[in-house]
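K.L.:
What follows is each chain in one-letter form.
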Amino acid sequence: MTNTTTPRTSPFVPNSETVGHLYSSPLRFPSDMQVSLVSMHERNSRNSPFISQSLKDRVSLPPAGSSHTEVQSAALINHPEENKEFSWSILPLQDLLDLPENASAQSAQFESSTGAVPSEDHAKSANWQEWADELISVDVALEPNWSELINDIDFTDPKPKELKPSSDILVQQPQNHQHQHAHYGENLTAANPLATVPSTKPRMRWTQELHEAFVDAVNQLGGSERATPKGVLKKMNVEGLTIYHVKSHLQKYRTARYKPESSEGTSEKKLNPIEKMNSLDLSTDKSMGITEALRLQMEVQKRLHEQLEIQRNLQLRIEEQGRYLQMMFEKQRKLEDEKLKASSSTMDERSAPSLNGTQSSAENDKSEVLEQDHAKTGTGGSNANVTPKEIDQDGSRKQKAPENSSSKDVDSNNGQSGVQPTKRARVDQTAA
Amino acid sequence: MKFGKRLKQQIQETLPGWGDKFLSYKELKKLVRLTSSALPLLNGSFEYGKAEAEFVYLLNNEIDKFNAFFMEQEEDFIIRHKELQQRIQSVISTWGPNGSQHSEVDYKEEMGKIRKDIVNFHGEMVLLENYSNVNYTGLAKILKKYDKRTGGLLRLPFIQKVLKQPFFTTDLISKLVKECESTIDAVFPVEEKERTKERREAITVGGEGIFRNTVAALVTMKEIRSGSSTHSHFSLPPLNLPDSELMSIATQLSNSHSLINTT
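Keeping their order, the protein sequence lines are chains A and B. Counting along the first sequence from 1, when you hit position 365 you're at 365 in full-length UniProt numbering, and nothing is skipped either side. Counting along the second sequence from 1, when you hit position 21 you're at 21 in full-length UniProt numbering, and nothing is skipped either side.
This is chain A alone, in the form it adopts within the complex (with noise of 0.2 Å):
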């Protein structure tokens, strides 16, 4: 996070400024902005051939931060003005994206963040969403939603971590995607160092740890009625979790406790399916169908939890095999570029072949590991290992950490490479 480590590592005057400077570039837009609205509405109507007027303003909107690589908060204050400003200007009206000025400088910034969106480091952040915030108190209401439309801006790699005191996490951040965590707050570094503006709205995501610690203060501060967040808060003293965060958790505490369970259903206000089906479950009164009646739902409910978790388990592995998959096509690929490079011609008529053989054998050997792992039996694992050997036994060229394989694996690995170049083909489509 980046902008949360900053205020942290070092004193609050570099958030400030950009705080400070921030604040004051919407208060210059209000009266401007609803007369431009008006116009870009017109213009975007008739551009959006394909894509509705809302999705195209707001296509333009993740490339905004996309030209930002570094992720240091620093990095964003230090920007140019203009372009920080100019950012600015499109938030607030995601209209604004196409005005021509903007356009050009924004495709520039498109093109080099499609390709790879979801693993950029956007150094956007939860600035982007206090200021936006800022803004909207400011008085503008376009969007009712517009701190979400930021925040929606791009995910990445939220890996929920235990809420304590927060130094090592302080410490990472910097490297990693920030936004999310921010967003979602599994951290205390959720809660920012923006921690003056009121309306942050990042997500904690709270563990059974921390609960115990939350129910603990309370019953010190004499109960969930007499309990203020304040005092909660204070009594916690968890680093990163803010008033709002334990307001609503004790807020729905308290509904917890004083709704039991039978008439409470799910969180939502409205009467949901599911209280409805509760109270329907008692139609009869003999005491021994309930019972049983229990203990099949019981059965069919484990039966789901464990279906669900191998399933989850199993998507968790495909995509691993695609993944490792994919490192071995590019690890083939260099490869081959050295081969070509490096070697006479007599040589890249004997290698070629057995090239072929290789990658298709890898790419066999990875089907067979998945549809062995299908079957339950793993024997994929030594199979993976016949590339780099292969390679090897071409003579001089740059190795790979050698991994033992039987030579008898590479045999018949060959053998199968004629008859299997549809799944290599499928397995090409889908992998790459």
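These aren't lab readings, by the way, just hints derived from the structure by calculation. Where a beta carbon is used, it is the ideal one built from N, C-alpha and C, also for glycine. Please note that the accuracy of each hint is not assured.
Partial chain B-side listing against chain A, Cβ under 10 Å, derived [claimed, not checked]: (1) 98; (2) 105; (3) 123; (4) 126; (5) 130; (6) 133; (7) 155; (8) 186; (9) 187; (10) 188; (11) 190; (12) 217; (13) 237.
Straight-line Cα separation of at most 25 Å, DSS-like style, residue types lysine-lysine; simulated pairs [to be verified]: (14) B:144 <-> B:5; (15) B:175 <-> B:145; (16) A:331 <-> B:148; (17) B:82 <-> A:247.
Fit chain B to the known structure of chain A by using the hints.
P.N.:
What follows is chain B alone, placed relative to chain A:
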């Protein structure tokens, strides 16, 4: 049956209230179709990049939606789980055999309520897991479609990101579910004679509520995985449920209830 339809059906039968929290599969599919048909018209990589960015943007929106909803539910579950545990403790210590105000009647009554509540609670959590999985599956499918139709290379890297999202990392929920199961086993030990009595009765009664939802989810899962024309190395194998009696009951129930129009 196609995934889109299955998805809709599952939402209807399991949790219509959560309808808008699920993946907007149809819309995304439309966009893929539009994008792929417009592709020849787009000049150069810039335009294409723009279209892809938009698609990604929408996907990100969806993911944010899942995450927000999921974490909200998760928080609730954490709270309710603890409350249930405490409630059980207090009932045992008040009306239980060694309790302060031992009362067989009260104990049985309260325990009965708790049992129902805890089983439903368990069901709700499992349904949330199902929600997570269905959305993931939808995303994987839509990405596959996108790559196929537009010749893009979006799927692989994007799905790697998805795998790490809060809504897909369901470890905590899974843990809560297991804790729930062990609590139930501990507090409501199964007696053999219960099994044989009035199973039919049980089936009629159990055909409502959460039970029905989970049954529907299970059956749908089986159907989704029962093989398709585009089966590849990235596809899941068919669902294999060893407990055939259970599945036949489940299928019976689901068939009979699909005829009933419920809100």
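K.L.:
Hint by hint, say whether it matches the structure.
P.N.:
Verification of the hints:
1. At its closest, the beta carbon of residue 98 of chain B sits 23 Å from a beta carbon of chain A; the interface hint therefore is violated under the 10 Å criterion.
2. With a least beta-carbon distance of about 13 Å to chain A, the hint placing residue 105 of chain B at the interface is violated under the 10 Å criterion.
3. The closest approach between the C-beta of residue 123 of chain B and any C-beta of chain A is roughly 5 Å, which is under the 10 Å cut-off, so the hint is satisfied.
4. The restraint placing residue 126 of chain B at the interface with chain A holds, with a minimum CB-CB distance near 5 Å, inside the 10 Å limit.
5. Taking 10 Å as the C-beta cut-off, the interface hint given for residue 130 of chain B holds, the closest approach to chain A being about 6 Å.
6. A least Cβ separation of about 5 Å between residue 133 of chain B and chain A falls short of the 10 Å threshold, and the interface hint therefore holds.
7. With its C-beta approaching chain A no nearer than about 8 Å, residue 155 of chain B sits inside the 10 Å limit, and its interface hint holds.
8. With 10 Å as the threshold, the beta carbon of residue 186 of chain B stays out of range of chain A, its nearest partner Cβ sitting at about 13 Å, so the hint is violated.
9. Residue-level restraint check for residue 187 of chain B is violated (minimum Cβ-Cβ distance to chain A is 12 Å; threshold 10 Å).
10. Below 10 Å, beta-carbon pairs count as interface contacts, and residue 188 of chain B has one with chain A at about 8 Å; its hint therefore holds.
11. A cut of 10 Å between beta carbons decides the hint on residue 190 of chain B: the least distance to chain A is about 7 Å, and the hint holds.
12. Taking 10 Å as the C-beta cut-off, the interface hint given for residue 217 of chain B holds, the closest approach to chain A being about 6 Å.
13. Against a cut-off of 10 Å between C-beta atoms, the interface hint on residue 237 of chain B holds, since the closest Cβ of chain A lies about 5 Å away.
14. For a cut-off of 25 Å, the pair hint linking residue 144 of chain B to residue 5 of chain B stands: about 17 Å separates their Cα positions.
15. A C-alpha spacing of about 34 Å is found between residue 175 of chain B and residue 145 of chain B, which places the hinted pair above 25 Å, so the restraint is violated.
16. For the hint linking residue 331 of chain A to residue 148 of chain B, the alpha-carbon distance of about 24 Å falls within 25 Å, and the restraint holds.
17. At roughly 18 Å between alpha-carbon atoms, residue 82 of chain B and residue 247 of chain A fall within 25 Å of each other, so this suggested pair holds.
When held up to the earlier numbered hints, the structure conflicts with 1, 2, 8, 9 and 15 and fits the remainder.
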